[in-house]
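Asker: What follows is each chain in one-letter form.
2 protein chains.
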Amino acid sequence: MISLSERKDLIRAALGQVPLDLRIDRVQVVNVFSGTIEPGSIGIKGGRIVTPYAADYDANVVVDGQGRFALPGFIDTHVHLDSTLVVPEFLSQLLLPRGTTVMLSDPMEIANVAGLPGFKALFHSIEKLDYHIFLEVSSRVPTAPGLETTGGELDLADVSEILTWPQAVSLGELDPSKVLEMRDEYLLKVEAALRLGKICNGHAVGRVGKELVAYACGGLADDHECVDYEEAVSRLQLGMAVLVREGSTERNLDPILKGVVENGTYSHHLMFCTDDKHPDEILEEGHIDFMVNRAIELGLTPMQAIQMATINAAKHFRIEHLIGSLSPGRWADILLVDDLQHISPNQVFFKGKIVVEDGKYIGTLPKPEYPDWLYKTVTLKSGNSGSDFRLEAAGDQAEVWVIDLFPDQIINTRTQDKLRVIDGAVAPDPERDILKLAVVERHGKNGNIGVSFVKGFGLKNGALASSIAHDHHNIIVAGTNDDDMALCAKTIEEMQG
Amino acid sequence: MISLSERKDLIRAALGQVPLDLRIDRVQVVNVFSGTIEPGSIGIKGGRIVTPYAADYDANVVVDGQGRFALPGFIDTHVHLDSTLVVPEFLSQLLLPRGTTVMLSDPMEIANVAGLPGFKALFHSIEKLDYHIFLEVSSRVPTAPGLETTGGELDLADVSEILTWPQAVSLGELDPSKVLEMRDEYLLKVEAALRLGKICNGHAVGRVGKELVAYACGGLADDHECVDYEEAVSRLQLGMAVLVREGSTERNLDPILKGVVENGTYSHHLMFCTDDKHPDEILEEGHIDFMVNRAIELGLTPMQAIQMATINAAKHFRIEHLIGSLSPGRWADILLVDDLQHISPNQVFFKGKIVVEDGKYIGTLPKPEYPDWLYKTVTLKSGNSGSDFRLEAAGDQAEVWVIDLFPDQIINTRTQDKLRVIDGAVAPDPERDILKLAVVERHGKNGNIGVSFVKGFGLKNGALASSIAHDHHNIIVAGTNDDDMALCAKTIEEMQG
Numbered sequence: 001m002i003s004l005s006e007r008k009d010l011i012r013a014a015l016g017q018v019p020l021d022l023r024i025d026r027v028q029v030v031n032v033f034s035g036t037i038e039p040g041s042i043g044i045k046g047g048r049i050v051t052p053y054a055a056d057y058d059a060n061v062v063v064d065g066q067g068r069f070a071l072p073g074f075i076d077t078h079v080h081l082d083s084t085l086v087v088p089e090f091l092s093q094l095l096l097p098r099g100t101t102v103m104l105s106d107p108m109e110i111a112n113v114a115g116l117p118g119f120k121a122l123f124h125s126i127e128k129l130d131y132h133i134f135l136e137v138s139s140r141v142p143t144a145p146g147l148e149t150t151g152g153e154l155d156l157a158d159v160s161e162i163l164t165w166p167q168a169v170s171l172g173e174l175d176p177s178k179v180l181e182m183r184d185e186y187l188l189k190v191e192a193a194l195r196l197g198k199i200c201n202g203h204a205v206g207r208v209g210k211e212l213v214a215y216a217c218g219g220l221a222d223d224h225e226c227v228d229y230e231e232a233v234s235r236l237q238l239g240m241a242v243l244v245r246e247g248s249t250e251r252n253l254d255p256i257l258k259g260v261v262e263n264g265t266y267s268h269h270l271m272f273c274t275d276d277k278h279p280d281e282i283l284e285e286g287h288i289d290f291m292v293n294r295a296i297e298l299g300l301t302p303m304q305a306i307q308m309a310t311i312n313a314a315k316h317f318r319i320e321h322l323i324g325s326l327s328p329g330r331w332a333d334i335l336l337v338d339d340l341q342h343i344s345p346n347q348v349f350f351k352g353k354i355v356v357e358d359g360k361y362i363g364t365l366p367k368p369e370y371p372d373w374l375y376k377t378v379t380l381k382s383g384n385s386g387s388d389f390r391l392e393a394a395g396d397q398a399e400v401w402v403i404d405l406f407p408d409q410i411i412n413t414r415t416q417d418k419l420r421v422i423d424g425a426v427a428p429d430p431e432r433d434i435l436k437l438a439v440v441e442r443h444g445k446n447g448n449i450g451v452s453f454v455k456g457f458g459l460k461n462g463a464l465a466s467s468i469a470h471d472h473h474n475i476i477v478a479g480t481n482d483d484d485m486a487l488c489a490k491t492i493e494e495m496q497g
Numbered sequence: 001m002i003s004l005s006e007r008k009d010l011i012r013a014a015l016g017q018v019p020l021d022l023r024i025d026r027v028q029v030v031n032v033f034s035g036t037i038e039p040g041s042i043g044i045k046g047g048r049i050v051t052p053y054a055a056d057y058d059a060n061v062v063v064d065g066q067g068r069f070a071l072p073g074f075i076d077t078h079v080h081l082d083s084t085l086v087v088p089e090f091l092s093q094l095l096l097p098r099g100t101t102v103m104l105s106d107p108m109e110i111a112n113v114a115g116l117p118g119f120k121a122l123f124h125s126i127e128k129l130d131y132h133i134f135l136e137v138s139s140r141v142p143t144a145p146g147l148e149t150t151g152g153e154l155d156l157a158d159v160s161e162i163l164t165w166p167q168a169v170s171l172g173e174l175d176p177s178k179v180l181e182m183r184d185e186y187l188l189k190v191e192a193a194l195r196l197g198k199i200c201n202g203h204a205v206g207r208v209g210k211e212l213v214a215y216a217c218g219g220l221a222d223d224h225e226c227v228d229y230e231e232a233v234s235r236l237q238l239g240m241a242v243l244v245r246e247g248s249t250e251r252n253l254d255p256i257l258k259g260v261v262e263n264g265t266y267s268h269h270l271m272f273c274t275d276d277k278h279p280d281e282i283l284e285e286g287h288i289d290f291m292v293n294r295a296i297e298l299g300l301t302p303m304q305a306i307q308m309a310t311i312n313a314a315k316h317f318r319i320e321h322l323i324g325s326l327s328p329g330r331w332a333d334i335l336l337v338d339d340l341q342h343i344s345p346n347q348v349f350f351k352g353k354i355v356v357e358d359g360k361y362i363g364t365l366p367k368p369e370y371p372d373w374l375y376k377t378v379t380l381k382s383g384n385s386g387s388d389f390r391l392e393a394a395g396d397q398a399e400v401w402v403i404d405l406f407p408d409q410i411i412n413t414r415t416q417d418k419l420r421v422i423d424g425a426v427a428p429d430p431e432r433d434i435l436k437l438a439v440v441e442r443h444g445k446n447g448n449i450g451v452s453f454v455k456g457f458g459l460k461n462g463a464l465a466s467s468i469a470h471d472h473h474n475i476i477v478a479g480t481n482d483d484d485m486a487l488c489a490k491t492i493e494e495m496q497g
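Protein chains in written order, with the working numbering: chain A, 1 to 497; chain B, 1 to 497.
It is worth saying that the hints were derived from the structure and are not from the lab. From a predicted model like this one, the values you see are computed outputs, not experimental measurements. Each hint should be verified, as a subset may be incorrect.
Pairs count within a copy or across copies, as identical chains cannot be separated in the list.
What the hints assert, rightly or not - Below, computed lysine to aspartate or glutamate pairings styled on EDC-like, alpha-carbon distance capped at 16 Å:
#1 8 to 211
#2 8 to 181
#3 460 to 280
#4 381 to 392
#5 210 to 181
#6 178 to 388
#7 353 to 64
#8 351 to 339
#9 8 to 184
#10 120 to 153
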């Protein structure tokens, strides 16, 4: 929010009583609010825009926009920051050259590991960044209550508290089952958000017909899981905005926007998101800029595509007074670009400070500073010894469920198989590529270990483990033998993830 | 807001687990959210829309829409209810046949007379109506502090409290001087609204250039005072929505929308309001329907004009989850009309109940029930006696200021004139149409009386008084002699206004 003295400084500058901090002259203002492109001069005071038509204002610093187009910074409307595998402090150098100045983030991973204190620690750090993070407050921590143990939980009271933070813009993606089963906790989380004037983000994977209607009736305002035009239209028809997604694995832009262009679909309730996109791909391919450019290639007008990346998103999330257009009082997050047919920011300003020059990040990455305890979240109560992974059985052979993996797919199936019983325990069969798979509780809570089998992993010796295991981030370990699986888990505890 | 059990009923109906209350079959759904018009069947449960495509749902009651177009109810985005001179209970019969189901109202008059208790009394009554009232919380009560005495005040604490009410959608029109003078009280009222996720309505009468920029920098989100296209564009360019007004005296629609049509102006940040429109004119000419039809005549598409009257307004005021489209979970406020080129509602549903049939209001007007004290707000501490109006002066003649009236205009000027002094007091001169004009404090506070003179009123004998005197509603009385002026004031006290 803006303080009283900041507000007065802004008004004084607007009245011409004090000079602007900065004036960017000779630009073509892409005014997404009025839908026009006109020559202008952007006046800035205290990091905020005074007016995009500031030619007759004095300024302490004047820079030449060299006739470039001036756009508002781009907004990623749904992203799991944690999934970038990079601390927020380091993301600036990836995002800003691409023109993304706003991340609407649901940090459900840190909440699953470290609960409300983790959420607060992350929030504390984001105030120092040179891009904006607004919070989509995680609605389902734990994601699968009763199935796995988590390090933290965000119950109704926690969610209600976080929703009051000024940086909280919405209740984060609520999965349909919780709405369709009409579970009090989740419906009350929806009401908590609505009561605070905030929206609720949807996540309507594959839902159609009456289930989709019921989900919309649950108060969900959007969906970022549409995979084709037909799905997108079915959401729009039910009053849900569509967050067109183009992430590392989910590629939904082309099928949706081809339909939008062909049918001349009203684009006001369309916007962009990445959901999960890895840093190497942001670096090579791009971020929201990639989507804007692709939308233009497909036949949307540059104004439409830029509105999707800016004002449409800001209005949907009810923060159009802060970001999303080059209008008075909004943060001075500005992209200067040479070509509206292919947008590649030459310069980027964040809160009126230049952070990208000649397409290169020139800001100073803030030093990540998190509390010590946040680096110490792996505590094993079991899993240190091979015997912890032992699955006892009688006889020579046991019938077991085996998870079947498919290369490059998120989906899997299960089949029944028979495995040998050796020394009273079911043994994996690496010869047939059937490994033991275990989830080891790592939050120091109860030492639970779940054991199963997996086919298609391809490991011949030893074991492999990860503490990135969505959404609860217990240790998941696949192995050919119990001792190596225990070694993996122990090593992750030593490394602290 | 929706209760948990209402939400569950809605979801159950959406899942088909319980029948709909009502299904309106065979309609062409004007879907302002997706921008499409398609055949549909509107399903309703608990007064809310389940889906506009409900053909495969069971319903307790089915009505035939006879192929008519189904539109969301219209929204008046800025209106002073009190200026209709009719209690809200009686407005239904005027508004609903015209298709207006939502009034966004700034009840500054009652606040000036009766303060926060008056505001609350009005609010209590509006819950019984068959149209929606949302509150634009009066930002300036008193309007002219220090100049006149009011019966009530809404200070920062009062305004902050009212803004938390779920029916409060914004801080009501803040006049520019208070922003440009950077007065703490008003800037803090703006922040109070923004902090609660609500917007601030503007009132930028005639402001241009740096003053307009400064006003926009004050956090004001819109303006309803634009008189021509040029003014409207100047607001849009600065990120302010334009509430196109067509009231009893202010007629701004044609000049603004002609420009919009000629220039193909982006219409998403345009909407409609009446501000002040008298009941006889609503009855004869119409309300928001009149504006929608005129917009279509001028060349906007029916979809654009209807969006201005519905979803544009709902989104601007951040209540698109409640009203503004025929989408799941929104109130079932529905107009059925024969012709999209000239919209004249045949049937109107409010919260799923039919209130207009064959264009006639068929609802039951609720009985107005207000506390007794609200009918007793005129208390004179002086003004009962002719001598209270006496303006003493020495000599034979006195030089005085005289207010000049112009027929049918709100503006006036002042000139100096000479009046006779009789028995030591300045005397009006009815021969030259110069009357005495007084404002008599009627809130029982201090008995102040302000006395001046007015020319052009035309009264030859006696006196005339009114307790409707914007914005503070003291008694204003013009007269040819002091005794008749006192009689007028006394009579108004007896009548209680």
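Asker: Hint by hint, note whether the structure agrees.
Answerer: The hints, checked one at a time:
1. 8 to 211: between (50 Å within a copy, 14 Å between copies)
2. 8 to 181: Result: close only across copies, 9 Å inter versus 50 Å intra.
3. 460 to 280: Result: close neither inside a copy nor across copies, 29 Å intra and 88 Å inter.
4. 381 to 392: neither (20 Å within a copy, 95 Å between copies)
5. 210 to 181: Answer is within: at 13 Å inside a copy they meet the 16 Å cutoff, but 55 Å across does not.
6. 178 to 388: neither (34 Å within a copy, 72 Å between copies)
7. 353 to 64: Close inside one copy (14 Å), not across copies (61 Å); limit 16 Å.
8. 351 to 339: neither (23 Å within a copy, 50 Å between copies)
9. 8 to 184: between (45 Å within a copy, 9 Å between copies)
10. 120 to 153: within (13 Å within a copy, 40 Å between copies)
Taken one by one, the earlier hints fail for this structure at numbers 3, 4, 6, 8, listed in ascending order.
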